[in-house]
Structure formats: structure tokens, C-alpha cells
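Knowing the structure of chain A, use the given hints to seat chain B on it.
The lines below spell out each chain.
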Amino acid sequence: MHIVDGALSMPVVAASSVLAVGGMALGLRALNVDRVPAAAMLSAAFFVASLVHVPVGPTSVHLIMSGPAGLILGWAAFPALFVGLLLQTLFFGFGGLTVLGVNTLNIALPAVMVGVLARPFLMSGNLRRTAIVGGLASAGAITSTALLVALDLWLSSQAFWAAAQVILVSHISIMVIEGAIGAALVSFLRQVKPELLMAPLRATADRKTRV
Amino acid sequence: MSSFTLQHLPALEARAPTEEGIVQRLDPRMRLVASFGFALFVVSLPNIAGLMLALSLALVTGWAARLPLLITARRVLLVDAFLIFLLLMLPFTTPLAGPSDHMLTLWGQPASWSGLWHALRIVLTSNAVVLMMLALVGTLPAQGLVQALAALHMPSHLVQILALSLRYIDIIREEYARLRTAMKMRAFQLRRSWHSYRCLGYLLAMLLVRSLERSERVLAAMRCRGYDGRFPVNQPGRLSRLDWSFAAGLTATCGLIALLAFEPDLRWLAEVH
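Note that the protein sequences, when read in sequence, are chains A and B.
Per the numbering used here, numbering of the first sequence is gapless, rising by one per residue and ending at 211.
Per the numbering used here, numbering of the second sequence is gapless, rising by one per residue and ending at 1273.
Calculated directly from the structure, the hints in this document are not laboratory data.
Keep in mind that this is a model prediction, so the values were computed, not measured.
In this text, a Cβ means the ideal position worked out from N, Cα and C, and glycines have one as well.
Reference excerpt, derived from the structure (chain B facing chain A, CB under 10 Å, subset only): (1) Val1043; (2) Met1133; (3) Leu1162; (4) Tyr1168; (5) Glu1216.
So here's chain A without its partners, still in its complex pose (with noise of 0.2 Å):
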């Protein structure tokens, strides 16, 4: 999943890029002053939730929880994710500084457009709806970033075309996994903290007077 520094070709890192900035430009216009804190402690708690490593197979994964992010924060997630992507590479290491753009686009791209779509079905009709929509929310945001891995490879070199197929199917069983962490994590929310779902930040900032 982590993009590595010299794997993808120029035009491939440089698009990406690109898209990337835009996309945080959309996140932080999104965001008013009084959802700064709230955006930066669920970024944090997101960061909390990508150390968790669940056990698959005889190995394990760690968590992206991508989907989630998407519907609770809108284009919010693109900055929120960025800095847990920053964080990552910054002080583990993992994924490459040249790609961050790439690594963030992949993410934060999935996780907003299944917010988008998957939003307006979340709160109506009954609990188990709710839990099925979140679940393919979950499972569809880490197909998509899969998917996106496995262009921009292909984009790169066909020589990574046998690469990008291993990927793909590898992460079968983490689209699975997010699947069912999604679902529960979303019927939970709504019955516990319905806001969460409701609109992506800025709508509960508009509820509230402004000190």
C-alpha cells in the first residue's frame, strides 16, 4: 500500500501531486474555524486507529479506516489524512517523501467520494441498512485505493503490471476486514453520536453559535 520513493514514473507523481494539493485545498476550505480542533483530534484518532494491526492469515495488517474518515469528515479527510500519511513517513519511515502526494491522493480521494455516496443512505431506513452501507462504504474506499495503487504502477511501467495484480489481491482480505470494522463502527455511531454522521464537520459548527 505504502508507495516507496522511485517506483513511479514523473508525469505519474507529478498529477497525483497536483490533484492532491487541490483536494486539500477543497478540505481546508471546508472547514471553519471552530471544526479546526475536532478535525485535528479525528485525525489524530485516525492515526490511533491505522497502528492498530488485526490479524489475517498467518500475518496481519494494519488498519486504514479510510471509508470512516470520508464519511464523518467530507473533504476534510484530505488534509486529516495527510497529516497521518506526513506523520507516518516523517517519523516511520513508511511510504516515500517524493510520493506523499500520490500516497495522499490514493487514500483521500476514495475516502471522500464514498462519503459523497454513501452519506445520504446512512440515516434512514433501519439499523442493519446503516451497518451495510458502511460496510461497503469501508470496504469500497480500500478497493478504490487498491485500484488507484494498482493505476498508478500500471501507469508507471508495464513491468509492474504483475506487481499491481499482487497488490490487488492482497488486499482482498483487508477490504474484507474494513468491511465488517466499518460496518460496526458506523451502526455504533449512529446510535450512539448521530452527528457524526450526519454531515461532514462544518454542519455541526453552523448549529452552534459562534462564541
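Showing chain B alone in chain A's frame:
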């Protein structure tokens, strides 16, 4: 901001070198810009010889930063583990450039030298960049990183998100640990089961709820202290003579490496592509 540094993160507890090298005396801005510039330089190097030299330069910088050997090695190897299958597959998936490109045949699949060199280039590139980054930026205190990014004109809201999440990651991780302990007390074990995944989903949802509620309290406290969207970050001082000498030294060394890597008369050094 408090004196919190990233060293407090669990996975990083032993990250901070006990002794400080010369790198730790450099300005955070210089360290950020240098490691980014070095990364751009390395990804544009055309051949193995140049990359080996770049990796050596990163190793020297790591030594100058007194990076702890074992932890750094583990971290770099972890990154390499991601690359292993790429390394193994590339020779087989790169079409042969000619008969002389044939390395060996395994299970009827021909492997090419050019694919092997390609894989090696990727490994050298990523290792050089990661090492330089761990040496220059990984040794920064959290405040230094925030100050440097603010001084380098990162958008203010992004700086605030970064500063606040750096501050709260540790606290939220403790919250997570408390919830996990509570589940453990109720005999929960993380297994490969739907039950485990559902419980983990509830746990993470609870973590998000608590984080949001904490953010409301933090916002109220910040408001009390006059927060109006601006977030004062200390302005760093002028760059010192040491910073400029470091920049000059790094640029000169990189220039020398580029000369060796791109100079046609020295191609014998770089015969392998």
C-alpha cells in the same frame, strides 16, 4: 505548545538518540528543506552508481545524527519488506532487452538483468531517501516540525491540524489502551473472527466519539484564551552559519554525485543501469 515530542509515541519510544549529533544543531527548516531536496535529487539519479553514492551520503548523515543503529535498521528493513515481492517479480516481468539481458530461467520464466537493475534502483532510492529523512527530520522534536512547516508557509489550518494531532495522538492512544483494557477485563481477545471485528469497530467508534467530545472541550478552552482561528507559532530565528555550511556541503556533495552519475566519460562506473 507543551514540550511534547514524538518520542512519546509508543512505537518511537527509543527513537530519540541519547547523544546529540551535529544534525540536531541544525535549524528545523534547513533539515526539512534539505531532506526534501535530497529526495528529489535521488529520484532523478539515473543509475546504480549514483544511487549507491547517495545512499552512502545518507548513511554518513545518519551517523552524524547519531541514529540508533538497531532501531533504524529495523525501520529501513521494514520498508524493504514491502519491496521484496517487487524485487523478486521485476526481473521476470521486465521484457528481455536482448539475448545478453537474459539472467536465468526459472519454471520456464526468463528473468532479465534489466529488471533486476530496475528493482535494485528502486530499493536504493527508497532506502537513501528514508535514511536521510530519519536522520534529518525523524530526529526533530514535534514543536520544531510544526514551527518549521509554519515558517515555510504551510497553510495555517493545516499547521493547526498537525500541531493539535501531534499533541493529542498520545492521549488518544491512551484512551484506546483504556478501552482495550476494559475489553480485556471482559475476556475479549483479538482473533480472526467476525465477533472480533465487530468489537473492534465498536471500540474505534467509541474512540471517535470521545475524540470529538474532547475536541469540543479543547475548543472551549482555546476560546477562553482568545482563540480566533489564528494559532501563534514561534517564529524561528535566522539561519546560522552552521546551517549555511551544511547546505553548501550537501549541495556540493550532491553535485559531485550528479557529476559522477551523469558524466559520460565516467559511464564505466555506471555500466549497470
